[in-house]
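Student: Take a look at the letters that make up each chain.
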Amino acid sequence: MIIWMWNIRKALKILTEMSTKATDRVIEGISKVADKSSELPTRIKTFLDFFAIYPVDLDPSGIIRKLEHLLNTERKRIREFILSLAPKASKQDVDNFENILAIAHVLNMIYKYVRHNFILGEKTKSPFILMQLEMIMPLIMKYAKAYYNALEPFINLQPIGDGVGALVAAKLMYGQKYERIAEDTIVAEVFFEERRLIVIKAEGPSGVVGKPGEAISKIIEINKGNIDGIVMIDAAMKLEGEEVGSIAEGVGAAIGDPGPEKYKIEEEATRHKIPLYALVVKESLEDAITIMKKEIFDAADRIIEKIKAIVMSYPKGATLVIAGIGNTMGIGQ
Amino acid sequence: MRNVKALIIIIALLCSALIFTLLVLVAINSEMRSSFTLFNDVMIVFVLFFVTIMIFNQYITRKQTKAMRTAQPVTRITCQNCKYSEKRIFQSGDYIFKYQGSCLKCGGKMIIEAIYLPSQVKNEV
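So the sequence lines, in the order shown, correspond to chains A and B. Taking numbering that gives the first Met the number 0, the leading residue of the first sequence gets 0, the next gets one more, and so forth. Taking numbering that gives the first Met the number 0, the leading residue of the second sequence gets 0, the next gets one more, and so forth.
Check before you lean on any hint, since a few could be wrong.
[Said to hold, decoys possible] Listed below are the simulated DSSO-like cross-link pairs for lysine-lysine, each with C-alpha atoms no more than 30 angstroms apart in a straight line:
1) A:Lys65 to A:Lys170
2) B:Lys4 to A:Lys176
3) A:Lys170 to B:Lys97
4) A:Lys307 to B:Lys4
5) B:Lys97 to B:Lys86
6) B:Lys86 to A:Lys293
7) A:Lys9 to A:Lys90
8) A:Lys65 to A:Lys35
Hints listed in this document are in silico derivations from the structure and should not be mistaken for laboratory results. Computed from a prediction, not measured in an experiment: that's the story for all the values here.
So that you can see chain B by itself, here it is in the shape it has in the complex:
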């Protein structure tokens, strides 16, 4: 599923880069038709095409880096009796096996069972 999504994004990027390049080319050609040869046209298409792809690539990388930076460690609190567990963002002072009071469901002992950085931020908490 993820591969299909990535493929669609890449195709969309390529198409938009191509359209943008062609639009620029049409604009230039309509201004100074006489001085441009076919070779020049092809060169401009290539340069603009790759510049656009690079800009998009940079944009996506930056977006991904930003997403990674916002990843927050998760604290999982579990009841030792009924195994009821809840997750929340890490809070200062948390540590694994810290007592967290009584379980609201069965009155058992709640402890911090896990503190970790989730693999996929979107799926957690």
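The following block holds chain A by itself, in its conformation from the complex:
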């Protein structure tokens, strides 16, 4: 038990350091564009305890609508907070601060969770609590390190592994005229071998994911349901032993949102009987939130070949929606 406590204490020390450094980086970043105020560090530190209470699921009817409202309110509140600190911040700055604030928040929560369980185990002298914590510590530390390493690319606005879907869409729509179809989401029309492709992605190079669900719903509505297929491209969590950047093909809505966007896509696709194809690039959590590795970048071209193969399986004149899902940070269009 003493060895467990010693190990956990050591890990807690590292977690404290990570959490403090992440908070300092957020303060440093916002200070550059914020109004000079001595309250800034205190306000940011207090805001790290911000939370959202998820809707009651005992009566699941209408839960998606409630969840969407909650997520919109949460995002709006965070953005309002950033703007209250830095009223002159550009949209890109606000998007960026929103991301790094989220990372600092996660690190703070991990640290608090470990500290809570450690103190609880110490107080109750319970070897079971400490043993469980000691056993799960390597995983917790792995996640914490992944988030900590994610700070640098988010501060420098570098493309991250999660952006591979957005990269594919950007490569397909590059040079074409595009327009905004939903919040932070753009659409472009591309013709390939006499087939019409409607390409969707989040509007880069800011660190946003957009609203692909809303965008796909609108496109189906505009085209009166005359869509022959939807191809979704996203990054997917790889299992240990699988290669980073390997590609997998499947069916369904390939999107990792909390629910509302995925629900909209599934609902519309089912209503109009539109087949949903999913193409994913395998990567770990760390790969997904840190700078895009070459293996992941190279996977984008292989994904495009797969998309072309799917498109060519349709007759001439067909219309397909190609949705590149993911954070488009560092990726223009």
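Given the coordinates of chain A, assemble chain B onto it according to the supplied hints.
Tutor: Just chain B, lined up with the frame of chain A:
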């Protein structure tokens, strides 16, 4: 090739650990010959041998971690006309599909085509 190199390093490590251990043992034995038995000698050899291996192992791990930390993201700029491309270390403000001026060779449009973390730092840039 990489496996052969790793094997040579491991053999070199084992040999140096063994030599170091034997040298320490000889030094101890020459000081107090009478009080040491064969069992004690073997035990000292084992302990010193593994301690040396562990120290080397730590040293190599630290060296590798340091190398990983120094990995820099690369920006690849390509001409849309003649496909001439150049690589450089990522600079603040870079993003994929950012216009980077005219190509020095053909006057075509240069854009940032790729930003990524190279797999092997030594082979890039």
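Student: Return the numbers of the hints above that this structure violates; sort them in rising order.
Tutor: Hints 1, 2, 4, 7 and 8 are the ones this structure does not satisfy, whereas the remaining hints hold.
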